[in-house]
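Chains as they are written, first to last, in this note's numbering: chain A, 91 to 400; chain B, 91 to 400.
Quick caveat, the hints were computed from the structure, so don't treat them as lab data. Be careful, since some hints might not be right.
Pairs count within a copy or across copies, as identical chains cannot be separated in the list.
To be verified - Straight line, CA to CA, 16 Å or less: simulated EDC-like cross-link-like pairs of lysine to aspartate or glutamate: (1) Lys388 x Asp308; (2) Lys388 x Glu121; (3) Lys223 x Glu366; (4) Lys363 x Glu319; (5) Lys272 x Glu305; (6) Lys95 x Glu133.
Being a predicted model, the structure only gives us computed values, none of them experimental.
So the chains spell out like this:
Number of protein chains: 2
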Amino acid sequence: MNDKKYAIGVDIGGTYTKFALVDEDGNISREQRIRTDSFATPEEFVNGLCLHLQSILDQHKARSPIRGIGIGAPSANYHTGVINGSANLPWRTFIPLRDMVAAQMVGMHTVVTNDAKAAALGEMQFGVAKGMKDFMVITLGTGIGSGIVSNGQIIYGHDGMAGEVGHIIAKPNGRPCGCGRKGCLETYASATGILVTAQKIMLANKLTPFETSQEITDAAMMGNPMAMEIFNQTGKVLGKILAHVHTVISPEAIIFFGGLANAREYLLVPTQKAFEEELLFVYKERKPQFLISALQHKNAAILGAAALVF
Amino acid sequence: MNDKKYAIGVDIGGTYTKFALVDEDGNISREQRIRTDSFATPEEFVNGLCLHLQSILDQHKARSPIRGIGIGAPSANYHTGVINGSANLPWRTFIPLRDMVAAQMVGMHTVVTNDAKAAALGEMQFGVAKGMKDFMVITLGTGIGSGIVSNGQIIYGHDGMAGEVGHIIAKPNGRPCGCGRKGCLETYASATGILVTAQKIMLANKLTPFETSQEITDAAMMGNPMAMEIFNQTGKVLGKILAHVHTVISPEAIIFFGGLANAREYLLVPTQKAFEEELLFVYKERKPQFLISALQHKNAAILGAAALVF
């Protein structure tokens, strides 16, 4: 018996759903995963997930009570607890996730948010944003997400959909985006977007294009000038848009997370350069820190989801 | 004797400084003003202001206590209480306004913020944003300011300087801005910016340009097609940038305030059209309301400053 606080963190991804018990210090135990895409319907998925969650609860019974279940999922809405047609899940339907889970896990406080906002909560509770009240996490994965914290609270917006920084238009009439518009930031600066840039540059130089963003990072580490140029062009677009977002919220730090953040200074140096060139003078005295997530290679999504509860 | 709460609201402008007693229902009494520009130094100005404030306090003595002094001033920083080189005041120096006032008004809680943030507080306490937790006030005056509220709190940012929406770059390499960069939103969509647009359109049509934004509004009301075109072009720029800001904070309402907001639907209709064309689909189901300030022709700045205290 101890008197630590506990929560269950659940990270729902397109392929795997991972979950674990998390204590208030960010220690993870009883980690498990199931294949999201092995379930034909959301109902079957929730049934399967809740069986596992119940078994964690049962095993933990003797210890201090679990405060609740926090769930991070693509396109999930904090206010409604609903996932409405995520492109990254096997089922493209309206899923009232929070209510479905709460109905089975009777008496458990259940909270849902999207993955980028969960990451921001995770950084604030367990990561590099400890003690910060105004910061932004940018997730550079297949798309670009953001979790923005102001006055110590996540900005959800009136409809729970704030923080779609990946869909700020970076280049009018630019690359086609999955959202139906053109030139969104994520068509340039996500792990997917940078590959398009890479392909253009490599083909123009009659070279075989890189196939993953990790390959570009590896090449940059070897001093490959083409890889450097790819990061320069990407950082230029990303830095400029981050300067615009900074003008709205003036955060203390911008924290980079996700696949493309593995490129570290290869991406961050040109991004910061473009950011500072675009920045309004009033912000130059107390410029934000550019940081890499402290949870980048940990179970950030599970930690962040659990932080929803704490 | 009554048990209402009271505060003193102070609105510091370049020409006049206005102040009054405000009760929690937004009733104003003992309104006075002094000429800001009649004082040679900030010290003399604060001495003069505090003499008047003290006399309001003395006269009010018999009634329920005054909770504090709220001050709205151009470029004022909420966190530090400092005005640092405002272009809109007679003295271009570093002015630790909050501390200077607090030193003379001993025992009075003194709070300072900039005019756009005071306007947002005023709308939330007394105006069209009553009951809203996520909204934005855009002030369209000589420049463009914004006061953004998220989770029921003003977004100040880590340095107190958030919300400089007027300095988001609307057109790369566009019109020169007072901030030293080019193409800022306020060079197009402020009361000053629209006159530049008007001049271009009128001269191209060999007509005498309008001299004030009110003249453009008056002409539009008479059905003048040139005036309509000026508002269309202005709304196009403003609407597009507001859609980008919406993507960050997803407010329930965007509230327009200040000189150019007097143009009402002549500006708002084309702005909303451009806004919706640029808006990400996820926001289209619960679009924000476009509203005109309820305090537009009242003492909004005094009310907003007093709301800082409540």
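Going through the hints against the structure:
1. Lys388 x Asp308: Intra 21 Å, inter 62 Å, cutoff 16 Å: neither.
2. Lys388 x Glu121: Intra 12 Å, inter 60 Å, cutoff 16 Å: intra-copy only.
3. Lys223 x Glu366: Neither: 22 Å inside a copy, 32 Å across copies.
4. Lys363 x Glu319: Within one copy only: 14 Å inside, 39 Å across.
5. Lys272 x Glu305: neither (27 Å within a copy, 37 Å between copies)
6. Lys95 x Glu133: Close neither inside one copy (30 Å) nor across copies (54 Å); limit 16 Å.
Comparing the model with each earlier hint shows violations of hints 1, 3, 5, 6; every other hint is respected.
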